[in-house]
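Student: Each chain is listed here by its residues.
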Amino acid sequence: NAGVTQTPKFRILKIGQSMTLQCTQDMNHNYMYWYRQDPGMGLKLIYYSVGAGITDKGEVPNGYNVSRSTTEDFPLRLELAAPSQTSVYFCASTKGSSGYTFGSGTRLTVV
Amino acid sequence: AQKITQTQPGMFVQEKEAVTLDCTYDTSDQSYGLFWYKQPSSGEMIFLIYQGSYDEQNATEGRYSLNFQKARKSANLVISASQLGDSAMYFCAMRGRGNAGNMLTFGGGTRLMVKP
Numbered sequence: 009n010a011g012v013t014q015t016p017k018f019r020i021l022k023i024g025q026s027m028t029l030q031c032t033q034d035m036n037h038n039y040m041y042w043y044r045q046d047p048g049m050g051l052k053l054i055y056y057s058v059g060a061g062i063t064d065k066g067e068v069p070n071g072y073n074v075s076r077s078t079t080e081d082f083p084l085r086l087e088l089a090a091p092s093q094t095s096v097y098f099c100a101s102t103k104g105s106s107g108y109t110f111g112s113g114t115r116l117t118v119v
Numbered sequence: 016a017q018k019i020t021q022t023q024p025g026m027f028v029q030e031k032e033a034v035t036l037d038c039t040y041d042t043s044d045q046s047y048g049l050f051w052y053k054q055p056s057s058g059e060m061i062f063l064i065y066q067g068s069y070d071e072q073n074a075t076e077g078r079y080s081l082n083f084q085k086a087r088k089s090a091n092l093v094i095s096a097s098q099l100g101d102s103a104m105y106f107c108a109m110r111g112r113g114n115a116g117n118m119l120t121f122g123g124g125t126r127l128m129v130k131p
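Sequence order for the protein chains is X and W.
For the first sequence, my numbering assigns the number 9 to the initial residue and increments by one for each residue that follows.
For the second sequence, my numbering assigns the number 16 to the initial residue and increments by one for each residue that follows.
It is worth saying that the hints were derived from the structure and are not from the lab.
A portion of the hints provided could be inaccurate.
[Stated by the list, open to error] Simulated restraints, written as ranges between beta carbons of each label pair: (1) W:P55 <-> X:S106: 22 to 28 Å; (2) W:E76 <-> X:D46: 27 to 33 Å; (3) X:S92 <-> W:D70: 28 to 34 Å; (4) W:L99 <-> X:S92: 31 to 37 Å; (5) W:A33 <-> X:K22: 31 to 37 Å; (6) X:G24 <-> W:A86: 49 to 55 Å.
We put the beta carbon where it would ideally sit given N, CA and C, even for glycine.
Okay, chain X solo, but in the shape it has when bound (with noise of 0.2 Å):
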């Protein structure tokens, strides 16, 4: 049982160049999210999903993209990649009523 797993670990991008972080959980739970953690900071969500076909915008959604096609994948599209992207983004999963399984972390840098 894999949990929650995110690819890659760590990316470095030039401005302007564009990347998928992928995350895939085999848990069958049909809540995932996206937040990304600045240095020192707390978990702001960018992008989350109900369910299959079906996204909606977090707290701080500008310059990412989601798409939810099947149960176990979501992944996050970076556009055109800004210095203000440079985080750590976290994928987590729940089944609703449950805990959350959190992914270990994509460490992007943008130079």
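Since the structure of chain X is already known, use the hints to place chain W on it.
Tutor: Structure of chain W alone, referenced to chain X:
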């Protein structure tokens, strides 16, 4: 809107002593859940303890207990007998039932440093 406030950016505690990390919250929901997570320097989020708003007893998990004062909207984490391995960031988070996405709202965190 939900809000979590952690007013202690950093704290020191002597090894083997108890420490309380503060958390206050604001919500209009009647039903909600409060979570504490530990984030060591390696970066992963480790679940510690959960308290439901209708739970009559304060939650306990080993050396962790949650001092839940509903009227004051506070959910402080108490760590007994601190160990060097407790040095980490600690986050308080809340899930509100009025929130269709079941998402967690996090506080800004408290960095705990345990002194030998």
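Student: Now tell me if each hint is right for this structure.
Tutor: Structure-based check of each hint:
1. P55 of chain W and S106 of chain X have their C-beta atoms about 23 Å apart, which keeps the hinted 22 to 28 Å range intact.
2. With their beta carbons about 29 Å apart, E76 of chain W and D46 of chain X fall inside the hinted range of 27 to 33 Å.
3. At roughly 40 Å, the beta-carbon separation of S92 of chain X and D70 of chain W lies outside the given 28 to 34 Å, and the hint is violated.
4. Range check, L99 of chain W to S92 of chain X: about 36 Å between beta-carbon atoms, so the 31 to 37 Å window is met.
5. Distance hint for A33 of chain W and K22 of chain X: a CB-CB separation of about 49 Å, inconsistent with the stated range 31 to 37 Å.
6. Here the CB-CB span from G24 of chain X to A86 of chain W is close to 52 Å, well matched to the stated 49 to 55 Å.
Hints 3, 5, counting from the list given before, are not met by this structure.
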